[in-house]
Amino acid sequence: DKVDGRLRVTFVADGIECAVEADRVVNCAGRVANVEGLDLGAGVIVHREGRIEIDDHLRSRSNPDVYVCGDALWNSPQLSPIATYEGGIVGRNIVDGPRHRPNYGHIPASVYTVPAVASVGLTEAKAKEQGLGVKVQVNDMKDWLSAKTYAETVAWSKVIVEETTDRIVGAHMVGHSGEELIHLFALAMKHGITAPQLSDMVYGFPTFASDVRNMM
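The numbers in this note's numbering rise by one with no breaks, and the one at position 18 of the sequence shown is 33.
In case anyone wonders, no lab produced these hints; they're calculated from the structure.
Where a beta carbon is used, it is the ideal one built from N, C-alpha and C, also for glycine.
Between beta-carbon pairs, the in silico distance windows are: (1) V47 / V110: 26 to 34 Å; (2) H198 / P79: 32 to 40 Å; (3) E51 / D215: 47 to 55 Å; (4) I31 / R63: 17 to 25 Å; (5) P211 / D71: 28 to 36 Å; (6) K150 / G106: 36 to 44 Å; (7) R39 / L202: 30 to 38 Å; (8) S214 / T128: 25 to 33 Å; (9) W89 / E144: 15 to 23 Å; (10) Q93 / F26: 15 to 23 Å; (11) V47 / N118: 19 to 27 Å; (12) Y218 / F26: 41 to 49 Å.
Derived BS3-like pairs (lysine-lysine); straight-line CA-CA distance at most 30 Å: (13) K141 / K205; (14) K163 / K173; (15) K143 / K173.
Could you put together the complete structure from these sequences and hints?
Have a look at this one:
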């Protein structure tokens with residue numbers, strides 16, 4: 016509904032009707048796995064509206080002889096690269112036994128808008144919830160050379176680094192090429208490259224990648 020020039024969205028969460036007002040509303044409904052023809056009940060496979068409950072090794076909680084990957088999982092991001100990643104883990108677990116677990120902590124997510132939105136790892140709030148002492152650097156980058164080159168009106172980043180180890184635990188950005196740039200942070204997080212080590216690289220200039228040195 017439109018209220019005083021803004022948009023009002025009414026929804027139900029945990030059985031309670033709620034409402035929020037915003038300037039823009041984006042519908043990100045996601046996917047619903049089509050499992051109706053699989054007769055999950057015959058295999059005693061518990062699911063939530065088509066999404067199957069699994070353990071840490073991607074096995075059905077109610078029937079551990081069944082492995083699951085992709086959009087049918089109830090708790091992982093519904094993205095095709097993640098489905099492929101999970102499929103590899105399922106294959107190894109079928110061969111080796113249930114020894115392998117997915118790690119979603121270093122997998123980036125992007126929204127391919129203009130400007131792009133990209134994120135990997137923990138938010139500042141989640142890091143603090145986990146008891147981590149963190150350094151947070153927020154950058155308004157719209158006046159940086161890279162953003163000016165593309166006449167960007169919005170360019171922003173936030174990088175979260177653990178104080179005691181200089182380990183990057185999260186990165187979030189809005190701006191041109193954000194969907195590409197986020198992979199540098201994801202790579203660093205996966206392979207234990209610290210913030211100083213990532214800053215110490217010699218980057219080609221002028222590039223968006225060279226901005227990484229000033230983001231942390």
